Amino acid sequence: MSGITQLLGRLARDDAKAAEELLPLVYDELRRIAANKMANEAPGHTLQPTALVHEAWLRLGGPEAPSLQNRAHFFSAAAEAMRRILIERARRRIAAKRGGGAVQVELDEIEIPSPAADDDQLLAMNEALEKFAALDPRKAELVKLRYFVGMSFDEAAVALGIAVPTAKQWWAYARAWLTVELRARPR
Amino acid sequence: MSNSAMPSPQEREAALFALAVEKPVAERPAFLQAVCGADSALRQRLEALLAAHDKPDELLPANAL
Chain A
1 MSGITQLLGR
11 LARDDAKAAE
21 ELLPLVYDEL
31 RRIAANKMAN
41 EAPGHTLQPT
51 ALVHEAWLRL
61 GGPEAPSLQN
71 RAHFFSAAAE
81 AMRRILIERA
91 RRRIAAKRGG
101 GAVQVELDEI
111 EIPSPAADDD
121 QLLAMNEALE
131 KFAALDPRKA
141 ELVKLRYFVG
151 MSFDEAAVAL
161 GIAVPTAKQW
171 WAYARAWLTV
181 ELRARPR
Chain B
1 MSNSAMPSPQ
11 EREAALFALA
21 VEKPVAERPA
31 FLQAVCGADS
41 ALRQRLEALL
51 AAHDKPDELL
61 PANAL
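Each protein sequence line maps, in turn, to chains A and B. As numbered in the working numbering, residues 1 to 187 make up the first sequence, in order. As numbered in the working numbering, residues 1 to 65 make up the second sequence, in order.
Only chain A is shown next, with the shape it has when bound in the complex:
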C-alpha cells in the first residue's frame, strides 16, 4: 500500500508536482477498491461513491496526515477522480449505443449510481461544471463533492475545511449558476 503522508507533506509546501501525483494515486485506489468490492458482491449490487472515497482516504493513510489542508487536497483529488470515472463510463456507454452494440461494454463496469437521469445529462452537467470551475474553482470543488461523490453538506464542509453555512451558501449560488448555464444550451 502506498502512503500519501509524504505526498501530502509536499503538497503542504506547495509542491505543484505533488498535486499532479495525487490524482492518479487516488484514481487508481478508487478503481481498485471498487473492483474488489464488485468481485465480492452479488451482481447488480451498487457501490456508494461516498463510501469508496472514505475507504480510499483510510487505505491511503489519510488519518496519519489529517491536517485540514491535507484533507482538502485529498478530497478534491478524490472528487476529480470520481468525476473522471463517471464521465469515462458515460462516454463508453454512449459510444457503445452509437456503435449499435458493436462496441463491447466492459464486463467489469463499475456499478456506481449516476447522479444524472442519463449519460447525456451527465456530460452536459460536466461541461457546465468545467466552465464554472474556470470562474470559481473553490465552489466548483464543492459541487464535485456533492454531485459526483454524493456527499452531504456536513461531509463536504469537513472535506473542504469550510463552515456548513458557507457550504450551503456556495451551493445555492453554484446550483443557480449551473441551472442558468444548462438552460442556455441548445437542446
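Please keep in mind that the hints were generated in silico from the structure rather than gathered at the bench. These numbers come from a predicted model, not from an experiment. For each residue, glycine too, the CB sits at the ideal point set by N, CA and C. Hints are supplied without guarantee of correctness; some may be wrong.
To be verified - Straight-line distance between alpha carbons at most 20 Å, and here's what the computed SDA-like set of lysine to any residue pairs gives:
no., chain 1, residue 1, chain 2, residue 2
1, B, 23, A, 70
2, B, 55, A, 121
3, B, 55, A, 183
Said to hold, decoys possible - So the derived label-pair ranges between C-beta atoms look like this:
no., chain 1, residue 1, chain 2, residue 2, range
4, A, 163, B, 41, 43 to 53 Å
5, B, 7, A, 39, 23 to 33 Å
6, B, 41, A, 152, 51 to 61 Å
Following the hints, complete the assembly by docking chain B onto the known chain A.
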C-alpha cells in the same frame, strides 16, 4: 480569494446573489435596484440566477440534505 484587492466580477456576483437570496421575494427588486444602479447587465444576470434558484431543474440535488 483576497480581501484586500477589488473583488472580481465573479466574486461580486456571488456575494450579491448570497445577499439577495436571503431577502423576501417582494424586497428583491428594490435591493437589486440599490446595488446594481445603472448596471443593467449585472441586474439581468442576478435576476436570472434568482429565478433559477427559485425554480431549479432537478439536475442537481436539492438544497436540503
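Hints versus structure:
1. In summary, the hint linking residue 23 of chain B to residue 70 of chain A is not supported, as the alpha carbons are separated by about 37 Å, beyond the 20 Å threshold.
2. Annotation: proposed proximity of residue 55 of chain B to residue 121 of chain A holds, straight-line Cα distance about 19 Å (limit 20 Å).
3. The suggested pairing of residue 55 of chain B with residue 183 of chain A holds, with an alpha-carbon distance near 12 Å, which does not exceed 20 Å.
4. At about 32 Å, the CB distance of residue 163 of chain A to residue 41 of chain B disagrees with the hint of 43 to 53 Å.
5. Between residue 7 of chain B and residue 39 of chain A the CB atoms are about 51 Å apart, so this pair departs from the stated range of 23 to 33 Å.
6. Residue 41 of chain B and residue 152 of chain A have their C-beta atoms about 36 Å apart, which leaves the hinted 51 to 61 Å range violated.
The earlier numbered hints that this structure contradicts are 1, 4, 5 and 6.
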